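Q: The residues making up each chain are set out below.
Number of protein chains: 2
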Amino acid sequence: MFVVIFRAKIRTADSEYAEVAARMRELALGQFGCFDFKSVTEGRDEIALSYWPDEESIRAWKSHADHVLAQQLGRERWYESYIVQVARITREYRYASDLA
Amino acid sequence: MFVVIFRAKIRTADSEYAEVAARMRELALGQFGCFDFKSVTEGRDEIALSYWPDEESIRAWKSHADHVLAQQLGRERWYESYIVQVARITREYRYASDLA
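Heads up: the protein sequence lines correspond to chains A and B, in order.
The opening position of the first sequence corresponds to residue 0 in numbering that gives the first Met the number 0, with each subsequent residue numbered one higher.
The opening position of the second sequence corresponds to residue 0 in numbering that gives the first Met the number 0, with each subsequent residue numbered one higher.
Derived by calculation from the structure, the hints in this document are not laboratory data.
All values reported here derive from a predicted model rather than from experimental measurement.
Hints should not be assumed to be uniformly reliable.
Put simply, identical chains are the same to the list, so a pair is met inside one copy or across any two.
Once the Cα atoms are required to be at most 16 angstroms apart in a straight line, the calculated EDC-like pairs of lysine to aspartate or glutamate come out as [unchecked claim]:
1. K61 - E18
2. K8 - D44
3. K61 - E79
4. K8 - D97
5. K61 - E91
6. K61 - D13
7. K37 - E15
8. K8 - E25
9. K61 - E41
10. K8 - D65
11. K8 - D53
12. K37 - E25
13. K8 - E79
14. K8 - E75
15. K61 - E25
Produce the entire structure from the sequences given, and follow the hints as far as they go.
A: Shown next as structure tokens:
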């Protein structure tokens, strides 16, 4: 299992930003084999995690035309800077209280 | 390079929570070889990323007495649920605008 870590410093989050982000999330989950997607934003800091079965799925997702356009808009308008890290998950622990 | 992904659903973040979180961050960075630490919280969702040179450092950090106590407090008081994922980073891309 692979994870793509997206760490960004937001410059301007206009109305199109949320719309494109939601569409990209749906595309990844619906058509590229992504099976979990979690994004958290605090002030100008964003971390988004997406989970994938293999690196081929990530490459296909990265080069899809709509996603390439979204990446370009991201650099031109929405992000001051970002880091993308691809990583292979080697182990995992989970905890859930009785309340969860 | 390894990353530890901590994804949590917060139950209650009392005053001790921020204090212990800051102490754990300092301990990881100062004594266990962690070289980057980034945490983002939105509502009850928290993602914390920490970066390590190898799995031995992560294991030593995981079993340090102060950290074990913090983990216990986390389960008893602060977190409704969490997932910890250890992953090896295979590639990385960076972007920074002229403004960054």
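Q: Evaluate each hint against the coordinates.
A: Comparing the hints with the structure gives:
1. In this assembly of identical chains, K61 and E18 lie within 16 angstroms of each other by CA distance neither inside one copy nor across copies; the values are 19 angstroms within and 39 angstroms between.
2. Taking identical chains as interchangeable, the C-alpha atoms of K8 and D44 lie at most 16 angstroms apart only when both belong to the same chain, with a minimum of 5 angstroms there against 18 angstroms between chains.
3. For the identical chains of this complex, K61 and E79 are neighbours neither inside a copy (20 angstroms) nor across copies (34 angstroms), given an alpha-carbon limit of 16 angstroms.
4. For the identical chains of this complex, K8 and D97 are inter-copy neighbours only, at 13 angstroms across copies versus 36 angstroms inside a copy, given an alpha-carbon limit of 16 angstroms.
5. In this assembly of identical chains, the alpha carbons of K61 and E91 lie at most 16 angstroms apart only when taken from different copies (13 angstroms versus 25 angstroms within one copy).
6. In this assembly of identical chains, the alpha carbons of K61 and D13 never lie at most 16 angstroms apart, being 23 angstroms within a copy and 40 angstroms across copies at closest.
7. In the homo-oligomer, the alpha carbons of K37 and E15 never lie at most 16 angstroms apart, since the shortest distance is 19 angstroms inside one protomer and 27 angstroms across protomers.
8. In this homomeric assembly, K8 and E25 never come within 16 angstroms of each other (Cα to Cα): the closest approach is 22 angstroms inside a single copy and 23 angstroms across copies.
9. Taking CA atoms no more than 16 angstroms apart as the test, K61 paired with E41 passes in neither setting, with 25 angstroms inside one copy and 26 angstroms between copies.
10. Proximity of K8 to D65 under the C-alpha cut-off of 16 angstroms is found in neither arrangement, the shortest distances being 22 angstroms within a copy and 32 angstroms between copies.
11. Proximity of K8 and D53 under a CA criterion of 16 angstroms is satisfied in neither setting, with 27 angstroms inside one chain copy and 27 angstroms between copies.
12. When the C-alpha separation of K37 and E25 is checked against a cutoff of 16 angstroms, the pair qualifies only within one copy, where the shortest distance is 12 angstroms, while the shortest distance between copies is 26 angstroms.
13. Taking CA atoms no more than 16 angstroms apart as the test, K8 paired with E79 passes inside one copy only; the shortest distance there is 6 angstroms, against 28 angstroms between copies.
14. Taking the shortest alpha-carbon separations for K8 and E75, only the intra-copy value of 13 angstroms comes in at or below 16 angstroms, while the best inter-copy value is 33 angstroms.
15. In the homo-oligomer, the alpha carbons of K61 and E25 lie at most 16 angstroms apart inside one protomer (14 angstroms), although the nearest pairing across protomers, at 35 angstroms, exceeds that limit.
In summary, the structure is inconsistent with hints 1, 3, 6, 7, 8, 9, 10 and 11 from the numbered list given earlier, while agreeing with the others.
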